[in-house]
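On the provided structure of chain Z, position chain X as indicated by the hints.
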Amino acid sequence: MSLTDTSGASRPLVADDSVIRPKRGVERLLAGNAWLVFAFLYLPILLLFVLSFNDNRVVGVWTEPSLRWYRAMITDSAVLGALRNSIVVAFISTVVSTILGTAAGLSLERFRYRGQRTYDGLLYLPVIIPDVTMAVMMLLFFVQAFDLLGAMLGVSATFGIGTISLSHIAFNISFVAVVVRARIVGLDPSLEEAAADLYASRWQAFRRVTLPLIAPGVAGGALLALTLSLDEVVITSFVAGPGSTTLPVYVFGLVRRGVTPLINAVSVLMLVGSMLLVLASLLLSRQRNTT
Amino acid sequence: MAATVDPPRTQTPTPASAPDEPGLERAAEQAESRRGFLIGLPSLLYLVVLFALPLVIVVVYSFATRSRTGRTILADWNLSSYARLFDPLVLEIGLRSLWLALLTTVISLVVGYPFAYYLATRSPRVRGVLLVLVMIPFWSNFLIRTYAWRVILGRDGPFVRFLEPILGTEGQLLFTPFAVVVGLVYGYLPFMILPLYATLERLDFSLVEAARDLHATGWQAFWRVTWPLSRPGVVAGSILVFIPSFGAYVTPEILGGGRTTMIGSYVVRQFLSARDWPFGSALSVAILAVMLVAAVVYFRTRDREA
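In order, the protein sequences belong to chains Z and X.
The numbering used here puts the first sequence at residues 1340 to 1630.
The numbering used here puts the second sequence at residues 178 to 483.
Honestly, the hints are just simulated from the structure, not real lab data.
As the structure is a computational prediction, the values presented were derived from the model and not from experiment.
Some clues are possibly wrong.
Unchecked claim - Going by beta-carbon spacing under 8 Å, a handful of chain Z positions derived as facing chain X:
1) N1372
2) A1442
3) L1445
4) Y1458
5) T1472
6) V1594
Claimed, not checked - Chain X stretches covered by chain Z per the calculated footprint, using a threshold of three residues with CB under 8 Å from any CB of chain Z:
7) 410 to 424
8) 451 to 462
Note that the Cβ used here is the ideal one computed from N, Cα and C, for glycine as well.
The shape of chain Z in the complex, shown without the other chains (with noise of 0.2 Å):
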């Protein structure tokens, strides 16, 4: 699940492409098939843009374009609120998250010690496991967090901020920790060994060459813990109090009520921000390539 290296510079190429290429009517049938798919997964997201500039108040009818919904959008003060706590959550959990997932990279490829596939596993599990069975989890540990805090020491905690960041750094130490360590992967153990020759101390050689080395890669895993956070609805549902909701919790309440024009304008700003995100991370993919 991580960012999928776009180079493939080093396939095994065949001389000639007449034999794998299928035939004619069977690569008809392929392109075909190509297009249908990229008309699947573009035309919902251009259609919801196209309707966030329909003056109407009904979604379905066109009568003339305007910012009408936008305006209505940058006044909502229940729309900035959730948004300044989405804003406040993502950047909590991705600066946590990013320090946390890169040195569990570090520790488990660059070293060996025992107990370290059970690690691996833990580490694994938060990437695969269903976001509802994550959410619950995080309520019930909350839950009777807050009973102990209060029996042994006579504080009272609640949901909110806090809670939904350390939920959301949860999950994203994991997602960082696959994509650095891809990068780590890659890297050649005898850079850092040349700087220990030339009497670097280990944190310097981890300063010097280390670190610039996986940069991308620590970039790369930042971006997509931001992503996650940004965009995550069912556990930050469970454990937001009240007051504390984000922008996703916020829309997934209004959607279920059912469809307005307000939710369209909402919903082009996030999909442009999470857009922004992607190509920032291709971006970053690619610099990494071309290293």
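Coordinates of chain X only, in the frame set by chain Z:
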């Protein structure tokens, strides 16, 4: 990995006769493992406290009792929540989830395989561009992409008006199993395409060439050579689509309505409205069990192929 065979590096320049002093070498090696463990320790602790421990708590809750007011009593441990998994209503929801997830997986495979094949047989340049075009919607907000289908399949949407002669004026597409499967395929198709593409791209096509030289028809060469060789990608993609489809919550909630409840929505209902946490926990454990079976199938196939 290379780390195991590397001579351990320490700041103090070790005497040149290091092999003669195995004790020193061993000590340095141990220091190196300890260092590695310490670097990984903070994240390990985080995952133990905020992932492994919560998992244990869910299992513990699944054996607890629900009081009449909806509170969970952590005593009188029993299996009644698990017994309820076999209620006809619950079984129906479970089977529907399995069925819809399987349907989603098969459709994704049928559409995704030729697509990945097409991608893998393009020139490297075209391949790169097409792959980016698959990735962009993949990383875009899942909730919003599902919402788009609610607009499309809704009463004012293009499909219902277009299909009115067939469906009749009372006919609808939204809030049907059809809508849920469309939404799930839409959401998870890239999970199928990417691993399929990864195996097909690395496939040694000279083997197909050899089959053709031995007078295999195109179809035979595909079934006897290409398909078996691409099986790891088929298995990986199928599991990556099946697991999230089976536990789906957002998609059935937005596109399925009340009549197409899937197990994910049913779990959420136990926590947010029915307040039956032990039963909800037992359901979560059941989802986890299905997921683990799928994961075991995946790793077995992968190891066998390797």
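Here is what the structure says about each hint:
1. N1372: Z/N1372 check passes; min Cβ-Cβ to chain X is 5 Å, inside 8 Å.
2. A1442: Holds. Min distance 5 Å.
3. L1445: holds (6 Å)
4. Y1458: holds (6 Å)
5. T1472: Interface hint status for Z/T1472: holds (5 Å vs cutoff 8 Å).
6. V1594: With a closest approach of 5 Å, the Z/V1594 hint holds.
7. 410 to 424: Coverage by chain Z holds for the region 410 to 424 of chain X (5 residues, Cβ < 8 Å).
8. 451 to 462: Since three or more residues must qualify, the claim that chain Z covers the region 451 to 462 of chain X holds, with 4 doing so at under 8 Å.
Violation of the numbered hints given earlier is absent; every hint is satisfied by the structure.
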